Amino acid sequence: MIEIKKLTKQADNKLILRGIDLSIEKGETVAILGPNGAGKSTLLKVLATLIKPSSGLVKINGLDLKKNHLEIKKLFGYLPHSSLLYDHYSPLENLVFFGKLYGVTNAEERAIELVKEVGLSFFLNEPVKNFSRGMIQRIAIARSIVHEPELLLLDEPHTGLDQGAISILNNVILSMKAKGTTTLMVTHDFKQAAEICDRIIIIKNGKLVDDFKLEDRALNLVSEKYQLQVEGVS
Amino acid sequence: MIKTAFLLAKKDLYSELKTKQVLTTMIIFAGLVILVFSFAFDPANNTTKAVIPGVIWVIVVFSGILGLNRSFLSEQRNDTMQGLLIAPMDASSIYLGKFLANFTMMLVVELVSIPFLFLLFDFKIIGSIPYFILIMFIGSFGFISIGTFLAALAANSKSSEMLLPLLLFPVTSPILIGVVQATRIILTNMEKFSSALAWIQLVSAYDVIFFVLCFLLIEYVLEV
Ligand SMILES: Nc1ncnc2c1ncn2[C@@H]1O[C@H](COP(=O)(O)OP(=O)(O)OP(=O)(O)O)[C@@H](O)[C@H]1O
Ligand SMILES: [Mg+2]
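Chains as they are written, first to last, in the numbering used here: chain Y, 1 to 234; chain V, 1 to 224.
Everything hinted at is true.
Which chain Y residues face chain V? A few, computed with CB under 10 Å, are given here: (1) Thr49; (2) Leu50; (3) His69; (4) Ile72; (5) Phe76; (6) His81; (7) His88; (8) Glu93; (9) Phe97; (10) Lys100; (11) Gly103; (12) Val128; (13) Ala140; (14) Arg143.
Straight-line C-alpha distance at most 27 Å; calculated DSSO-like pairs for lysine-lysine: (15) Y/Lys179 with Y/Lys74; (16) Y/Lys6 with Y/Lys207; (17) Y/Lys14 with V/Lys158; (18) Y/Lys74 with V/Lys10; (19) V/Lys10 with Y/Lys73.
Hints were generated in silico from the structure; no laboratory data involved.
Since we're looking at a predicted model, the values are computed, not measured.
Backbone N, C-alpha and C define an ideal beta-carbon position, used for all residues, glycine too.
Could you put the whole structure together from the sequences, leaning on the hints where they help?
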């Protein structure tokens, strides 16, 4: 699904990503861990075609990121730190707009169904600007999956969500996984990472320092490896 | 691509319909310009008719800049610009959508303010109204198409509200000179109609060239 070779990104004479090699299979759910400023969000932005890599090769589904950006854009759903929603619009209007932008048929029905899925049917027609952070995050999640993407790029999706919303989000990811969706999730929440991911990647200083498979929700293993790599404790 | 552009334009116009922020500012500004000019030049005096073509284009330029400034800055909130950039469409669709929205708002402002101006100055058109409308159309078209492009360019800068007029004036001055001349002739002195026609042709050619240029180059402006 994703093929990354010797990816580097330089900004203002500073190397943010220093040679990342990574290959992800279709249907995998991968958590990306790492300290603040490690370059996790930058990696996702490169995959989301928002920033151009300085060097290296990125292929998604066999398509080159540089050449086939239109096809690639249809494939992924991206959830960044900011919501990407229009303040004056209601959840319904936002989702219908983005649905149409992606060429979703029955955009209206799909939008209503998604708002229901994230548990905000009651606020279907309220403008988003009056929403709380967690509510906005719920709609932002709905926005990122409006076109049923094959690849999910989530940047700290659990921030601001309450327990109910966390389990909604996890269910969304797991049910999409069952349909064969690949998920890449940046997170600081080891518990959620262990809960839904079957592979963990640790990034530090723009380099991939660890990459291992995870079985049986082994939270201890995650914390152990993370401490070993990032905090240098053994 | 056209469909996407219409979708984007509809989105902008609909949100303008909800907030009415930009359009109100533009119309209030146009009204103030007209009022100040009516204080400065006695509407009853016949010689003041000569300033009317100038006033019309002062309104277009300055209220146009107010609208253009907002058109890309409004996408910075919640990084919605990123949302457009990751969507499966060409950068030219974004340009076309923004252009359509800005152009529509500009036409609304003109439709409200110019009749008001004519009324207040008790101006009787001796020339040709269809030609006057044509000039308004091609002048606004050129101004907004270049303005939309430069607004996209300026939006990435910290001082974009200052940068846009600075970039806009040199590039659009041929259009403005042409349309002011043509408007003056059409409204007051139909004998020189052939020279007005020449101005119209010049401005139209300029419009087409720059519209195509902006359309092709927008890709490099919007990329991050
Ligand atoms: N446009 C930019 N110009 C210069 N430096 C940048 C730019 N964007 C990011 N950086 C730098 O790149 C580094 C990595 O940033 P990034 O946002 O990828 O970190 P992160 O791993 O997502 O951190 P966090 O856990 O806090 O979200 C940071 O040191 C940041 O200062
Ligand atoms: Mg980050």
